[in-house]
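Asker: As you go down the protein sequences, you meet chains U and H in turn.
Sequential numbering of the first sequence, starting at 1068, is according to our numbering.
Sequential numbering of the second sequence, starting at 4, is according to our numbering.
Hints listed in this document are in silico derivations from the structure and should not be mistaken for laboratory results.
You may find that some hints are simply not true.
Here's a subset of chain U near chain H, in silico, CB distances under 10 Å, partners left out [said to hold, decoys possible]:
#1 R1091
#2 A1102
#3 Y1104
#4 L1110
#5 P1112
#6 F1151
#7 A1152
#8 V1153
#9 T1166
#10 G1168
Since the model is a prediction, treat every value here as computed from it, not as a measurement.
In this text, a Cβ means the ideal position worked out from N, Cα and C, and glycines have one as well.
In case you want the letters, here they are:
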Amino acid sequence: EIVLTQSPGTLSLSPGERATLSCRASQSVSSTYLAWYQQKPGLAPRLLIYGASSRATGIPDRFSGSGSGTDFTLTISRLEPEDFAVYFCQLYGISPRFTFGPGTKVDIK
Amino acid sequence: EVQLVESGGGLVQPGGSLRLSCAASGFSFSSYSMNWVRQAPGKGLEWVSYISHSSSPIYYADYVKGRFNISRDNARNALYLQMNSLRADDTAVYYCARSRGAVPSHWYFDLWGRGTLVTVSS
Chain U
1068 EIVLTQSPGT LSLSPGERAT LSCRASQSVS STYLAWYQQK PGLAPRLLIY
1118 GASSRATGIP DRFSGSGSGT DFTLTISRLE PEDFAVYFCQ LYGISPRFTF
1168 GPGTKVDIK
Chain H
4 EVQLVESGGG LVQPGGSLRL SCAASGFSFS SYSMNWVRQA PGKGLEWVSY
54 ISHSSSPIYY ADYVKGRFNI SRDNARNALY LQMNSLRADD TAVYYCARSR
104 GAVPSHWYFD LWGRGTLVTV SS
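The following block holds chain H by itself, in its conformation from the complex (with noise of 0.2 Å):
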């Protein structure tokens, strides 16, 4: 089966840190660029942060930039988000979403994990 699941979310401190993974399965994950995407409680989606399947280029959103650092290892179809630094603006579910292709043209989101939730709490 084609899926993603997300693991390592939980509750932690303000300044704390926090890794994330994501595992891959069903399909060739070393051909796909990949993302984090996140979901405060009750609001919208935010994108994270995108690594190519290479992981040469990587982009972050401005406001995790610094803080938040994507990799992957493609031995272990895995995709992981450290973060650290965490303030109570990051409390959301993060989800990993596959980009469809390595060009702009298609890096729109076809598979999503079904997320998991951190959060950022005293």
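So here's chain U without its partners, still in its complex pose (with noise of 0.2 Å):
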């Protein structure tokens, strides 16, 4: 079985600054099975990112994503107000069907 593991757990920093979210897998997957979500107190997660690097559609250009193998990235380059939230990382597709990362918290500094 695949796990996820996301680092920092909780990330605090200040708008404008830019954002380095890590998503670890537990052995090598293909990074067309990796997502990225958004989950803002009290909604439900909206999708960013799909196939490690695609942005999904009305998401803003400062969110990208990267990597391969076992490390993938999610990267913010500048955090408006609105992007303080927690985001997780999904493998799809693969066995276990699907596993989420724990999530990393980005909060105001």
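Both chains come to you apart, so use the hints to assemble them.
Answerer: Quick look at the structure:
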């Protein structure tokens, strides 16, 4: 079973700063099957990135995804006030079908 | 408007049953695979079950296999989750979520409902 870990657990930054979030898989996976989601308090998650690097419809280009093998990264180039949220990575389409990482909280410094 | 709306959550005793529903609108529901995902209070996301557009195949997470049953009614644009033998650790907000496409490389969740809270407690 593939396990996802995310780091850091919490990232404290100021608006305008760059955020770099890490997602590591316990074994090598195809980047085709890696997604990132954003979740704000009390709301459903929102798809940001699929296929490790493809932005979902309507997602601003300050969000970018990269990586391969076991190491994947979500980068927010310049944090806007609405970007402070929790971010989850996800594996889909491979055993055990769907796996989420524990999340990284990006909060205001 | 493209949306998913869950209903059916509530308080249930351990060992009890509950049936969740998800109403889809604004898109061709019968063309999409669907999922249930849950989130315990203050915790992360946990996938529960997947159903293809045609109701086969169906997959379950190990922790609900044998207790939960996913189904759909394409004529009614509705997704269901029958939950039996409920336990305290099933307490969570349950979301329905759409998979973007039929092939595994497109199984990411591109549309989510707002969720319905299930509380299992005596």
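Asker: For the restraint on F1151 (chain U), tell me whether the closest CB of chain H is nearer than 10 Å.
Answerer: violated, 17 Å
Asker: Does the nearest C-beta of chain H fall within a distance shorter than 10 Å of the C-beta of G1168 (chain U)?
Answerer: holds, 7 Å
Asker: Given a cut of 10 Å on the nearest C-beta pair, is the interface hint for V1153 (chain U) held or broken against chain H?
Answerer: Result: holds, 8 Å to nearest chain H Cβ.
Asker: Does L1110 (chain U) pass the interface check with chain H, least Cβ-Cβ distance below 10 Å?
Answerer: holds, 7 Å
Asker: With chain H as the partner, please determine if A1152 (chain U) meets the hint condition of a C-beta pair closer than 10 Å.
Answerer: violated, 13 Å
Asker: Given Y1104 (chain U) was flagged as interface, is its beta-carbon under 10 Å from a beta-carbon of chain H?
Answerer: Cβ of Y1104 (chain U) sits 8 Å from chain H, so the hint holds.
Asker: Closer than 10 Å between Cβ atoms is the bar; does A1102 (chain U) clear it against chain H? Give me holds or violated.
Answerer: Given a least distance of 4 Å, the restraint on A1102 (chain U) holds.
Asker: Using 10 Å as the Cβ threshold, decide whether P1112 (chain U) counts as touching chain H.
Answerer: holds, 6 Å
Asker: Hint R1091 (chain U) vs chain H: min CB-CB distance below 10 Å?
Answerer: R1091 (chain U) check fails; min Cβ-Cβ to chain H is 15 Å, beyond 10 Å.
Asker: Quick check on T1166 (chain U) please, does its C-beta sit within 10 Å of some C-beta on chain H?
Answerer: holds, 7 Å
When held up to the earlier numbered hints, the structure conflicts with 1, 6 and 7 and fits the remainder.
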